[in-house]
Amino acid sequence: AQKVTQAQTEISVVEKEDVTLDCVYETRDTTYYLFWYKQPPSGELVFLIRRNSFDEQNEISGRYSWNFQKSTSSFNFTITASQVVDSAVYFCALSYMDSNYQLIWGAGTKLIIKP
Amino acid sequence: DGGITQSPKYLFRKEGQNVTLSCEQNLNHDAMYWYRQDPGQGLRLIYYSQIVNDFQKGDIAEGYSVSREKKESFPLTVTSAQKNPTAFYLCASSMDRAYYNEQFFGPGTRLTVL
Chain A
-7 AQKVTQAQTE ISVVEKEDVT LDCVYETRDT TYYLFWYKQP PSGELVFLIR
43 RNSFDEQNEI SGRYSWNFQK STSSFNFTIT ASQVVDSAVY FCALSYMDSN
93 YQLIWGAGTK LIIKP
Chain B
12 DGGITQSPKY LFRKEGQNVT LSCEQNLNHD AMYWYRQDPG QGLRLIYYSQ
62 IVNDFQKGDI AEGYSVSREK KESFPLTVTS AQKNPTAFYL CASSMDRAYY
112 NEQFFGPGTR LTVL
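Heads up: the protein sequence lines correspond to chains A and B, in order. All residue numbers for the first sequence refer to our numbering, where the first residue is -7 and numbers rise by one. All residue numbers for the second sequence refer to our numbering, where the first residue is 12 and numbers rise by one.
Same shape as in the complex, but just chain A (with noise of 0.2 Å):
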């Protein structure tokens, strides 16, 4: 079966600490892409990155950053140095060609960075 897993429901931590959000897939197709979407409390879902199965390099943009790691079927998302403004509900989702042009989305997981 294709699907996502983050299995962190909510995680709170405090403005400054660094937190690691998961994420795990399954995909029987060796071409796909992972994606990570951030959802404010404003209900807008965001794009924030796409990674190709081909790439296994790690991406950091400004205090966010990304590990894809292949052996392990994962693609975890990192911020460092938490801000209020980062409270959000982060998605990972999974597309293949075979998807018939749909995301596979994983629950979501609910980040409370507290002041």
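Bear in mind the hints are in silico, worked out from the structure with no lab data behind them. One or more hints might be untrue.
Covered stretches of chain A, going by a simulated chain B footprint (3 or more residues, C-beta under 8 Å) [claimed, not checked]:
{"hint": "1", "segment": "37 to 51"}
{"hint": "2", "segment": "80 to 91"}
Here are some of the chain A residues that sit facing chain B, going by a computed Cβ distance under 10 Å [stated by the list, open to error]:
{"hint": "3", "residue": "-4"}
{"hint": "4", "residue": "-2"}
{"hint": "5", "residue": "29"}
{"hint": "6", "residue": "31"}
Even for Gly, the Cβ is constructed at its ideal location relative to N, Cα and C.
On the provided structure of chain A, position chain B as indicated by the hints.
For chain B alone, coordinates are given in the frame of chain A:
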């Protein structure tokens, strides 16, 4: 500015009424999607359209209908056949049908059935 607009932001409906949610995009995207989100849960696909005058059912299409007469517009009708329509509805678009394209989302419509 390019983007996706959804209206209204909040919508109240009486039981037994049909209601239409608007979704418009000016990104020149071919593909458009409707998702439903229930409190504390992820996104579930209702319908998607890869091109004008064509659309496909997603995982939870029962009780919903759509049309795609124009590239920019993909309205969703929640019919009285939908047993539990109270939810947050999100519209999205992507450049084309390619599976590697990211989706861009509108601000959502929160529907409450009274």
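Hints versus structure:
1. 37 to 51: holds (count 5)
2. 80 to 91: holds (count 5)
3. -4: holds, 9 Å
4. -2: holds, 8 Å
5. 29: holds, 8 Å
6. 31: Check passed: Cβ of residue 31(A) comes within 9 Å of chain B, closer than 10 Å.
Hint compliance for this structure: no hint is broken.
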